[in-house]
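Taken in sequence, the protein lines are chains A and B.
Counting in this note's numbering, the first sequence runs from 1 upward without gaps.
Counting in this note's numbering, the second sequence runs from 1 upward without gaps.
Some hints could be false.
Claimed, not checked - These stretches of chain B come out as covered by chain A in the derived footprint (C-beta under 8 Å, 3 or more residues): (1) 54-62; (2) 144-152; (3) 172-179.
Claimed, not checked - Sample of chain A residues at the chain B side, in silico, Cβ under 8 Å: (4) Gly202; (5) Thr317; (6) Leu433.
Hints are computed from structural coordinates only; laboratory data are not their basis.
Ideal Cβ placement from N, Cα and C applies to all residues, glycine included.
Here are the chains, one letter per residue:
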Amino acid sequence: MVSTGTTTGGRSTAVKKLDLDRATVRQARALARKVGRPIVKLAQEHTTVSVERATLRLAGLGGADPDGTPWVNRLADAVRADVGLEHGLALPVWDALLRGEAEDLETLAQKASAGSTRFQLPEGRAAQKARTASRRQVAAGVRRIDARRRERERLIARIGDAPRQPWIYLIVATGDIHEDIPQAQQAAREGADVIAVIRSTGQSLLDYVPEGATREGFAGTYATQENFRLMRAALDDSSRELGRYVRLTNYASGLCMPEIAALAGLERLDMMLNDSMYGILFRDINPVRTFVDQRFSRQVHARAGIIINTGEDNYLTTADAVEAAHTVTTSQLLNEYFGKEAGLEDWQLGLGHAFEIDPAVAESFRMELAHALLARELFPDAPLKWMPPTRHMTGDVFRGYLLDGFFNLAGALTGQGILLVGMMTEAVVTPWLSDRDLALQNVRYVLDAAGGLHEDFRPAPDGFIANRARQVLGESIDLLGQILDHEAGLLDAIADGTFGLMRRPADAGRGLDGVARKAGEYYNPAIEILEAQP
Amino acid sequence: MSLIRPYGDTTGDGMVQLSFTLPIAHSKLADGAALQLANKMGMEPALVVHSKPMGPDFTFFVVYGRVNHLVDPSRVEIVERDYDLLTPKEVNAAVKESLRRRMVVVGACIGTDAHTVGIDAILNIKGFAGEKGLEYYRELKVVNLGAQVSVPQLVERAVEEKADAILVSQVVSQRDAHLLNTREMSAAFREAFPPSRRPLLVVGGPRFGESMADELGVDRVFTRGTTPGEVASYLVHQLARRAS
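All chains, please: the whole structure from these sequences, using the hints.
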């Protein structure tokens, strides 16, 4: 057993079953790098309100005014009104503190929102002092994240880790954190290794992070620092009770992705949903905003030892799972490139994919196996996130239960790292207690009956599965080539609907007004610290 | 039509199956409680064929039994389809003939609802249930605004695009969000357009009832399982009526 709990076991030594051509795989990665590099440059050249607010959060500024507007928003808005966003917030904010405008960040935010503080861009020695002071304060926040990471490693070593892979991933979503907690603890007792708290519908489009413990959400519970803390503490209790560390997942996505990443690091969340393009395609968030926010949030996740879960499964909910299989592979390659560039290691890349082929299609299960094995062998050291059928769950719960069984079997046969448990009542109701129980029985039966079957499973070298996998890899290489043929590469490809059939131009979408091109004297201590990984 | 009752394996046997959970520890008492519930629901005799503890405080049951209720099909109330089902070709021809231009359809998920699966099934070229979506119809101009569109945004786009029809999908129904959002939407359109110029308002989602159109202020409600072809046929039928 791995005692640190930070790796998911040396899969790279596993026997290769598809015999993928190494040169082709290298070519795919090289193309992904070529597509991704200009986007990284774009991200480096810009900042966003959320990156800057995340920096203030790392410096210790939390809380909200009596109307519920977080102090980080209040302060960021005031500074931006005076000196703009393009220099970053650190210089004007700590300059104000050093000038004695307030004794701490919260007081400064209060004064700023009352209009009694003016911000300016310091120069020369004053700028140097502001840089040093801000760096000292933000570094303390990063050290807190480091401490939480060590704490996780200690707890896993002391309590024990999930007993086997795939990790069983269950969702709670009541809208009320105090209802979520007993449900999550019960799910852990029933066998969940990972608990995900679904966010309230629409939180991704809020340009602030709500504050405090919340009891009102739509189809989910708000991601707040206090909700994170409460749930993590409850799962720590469950972990001790059960003798295995139960992981907690939330969403670093939407307009506040960097801030939520920071809060997740500070509150020792273990996994975060964090996709490079999901917000653009499915939430119509501006592409530049997304790529800038995403890079920062991944740098935080890298530092915090958080495993990201990417969202490729979503492509298959809008496009056909056979025709669009290669868009999943393409996105995985891009997510890998962006993730590693931001400092994430292989064991932190929970690349997503899903069992979404229409069961009426002939040989659908063999194709699912081909796609799942392709992901497994392209990313041998990544803990892949395997998502259950949703699109072809019709309300016929009996048929759905069978489909979920095949989904579980495909997961076991192809060595998936994280298995999101499918519910037979998908598309009917939010899961009932009995739905979850039946779903876990399904998973347990398959893993107990066939958990080791992958040892015997060798697709014929030139058989249907191997050929299909090669075909999908080939198509994803073609797609990467097509993206490179666009004048502005990936941004143009996103604009013309290459992914998930949605067209998202770079100069439109939500949150664009929160993006600024960095000025020459831009300074952000968090980025400086995170890019100089220890 | 004659009275009918559920069919297990013999005409008239009245057999049904039922599963549920009771908040009670697994025991003989729990089985008895399940039986009592089944009896009260009209299952007589009922047989608890499976009971299983789910944690210390809950038990899951599967019950089979005979119901004595009769169903009278002649007294069932449904909304009958009051338009002809057309093929895409026929829809295109009908639009050409009645409008002499392309029909503009603007679709969206409104409010905080982020579930585009319904609107996409109807609008995306990919379609649903083997039928291509409205984007496939040559004579339809489809503007799919996607998820989390506010009502004012939707009205604005409808004006801009000179929409003939508005399709709104609502999946999330927590706290009746789907009903509140739909009423807000229909009120806004009634305010923004004179009655003769108002686009057709169509709403769809799994939790709506077909007969709710009037109380929601919309022209039509579509429920689970609606196909793109049905929607297209309905739109053509209505707009042809308006044009004539």
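Requested in this report: Given that the region 144-152 of chain B was listed as covered by chain A, double-check it with a C-beta distance under 8 Å for 3 or more residues.
Outcome: Result for this restraint: holds, n = 3.
**Report entry** Cut-off 8 Å, beta-carbon criterion: hint that Gly202(A) touches chain B
**Finding:** Since chain B brings a Cβ to about 3 Å from Gly202(A), closer than 8 Å, the hint holds.
**Report entry** Thr317(A) as chain B interface residue, shortest Cβ-Cβ below 8 Å
**Finding:** Given a least distance of 7 Å, the restraint on Thr317(A) holds.
Report task. Could you check if Leu433(A) really has its C-beta closer than 8 Å to a C-beta on chain B? Result -> Holds, about 6 Å.
Requested in this report: Establish whether the coverage given for the region 172-179 of chain B by chain A is satisfied; the threshold is a Cβ-Cβ distance below 8 Å, and no fewer than three residues must meet it.
Outcome: holds (count 4)
**Report entry** Given coverage of the region 54-62 of chain B by chain A, checked by CB-CB distance under 8 Å (3 or more)
**Finding:** holds (count 4)
This entry satisfies every hint, going by the numbered hints stated previously.
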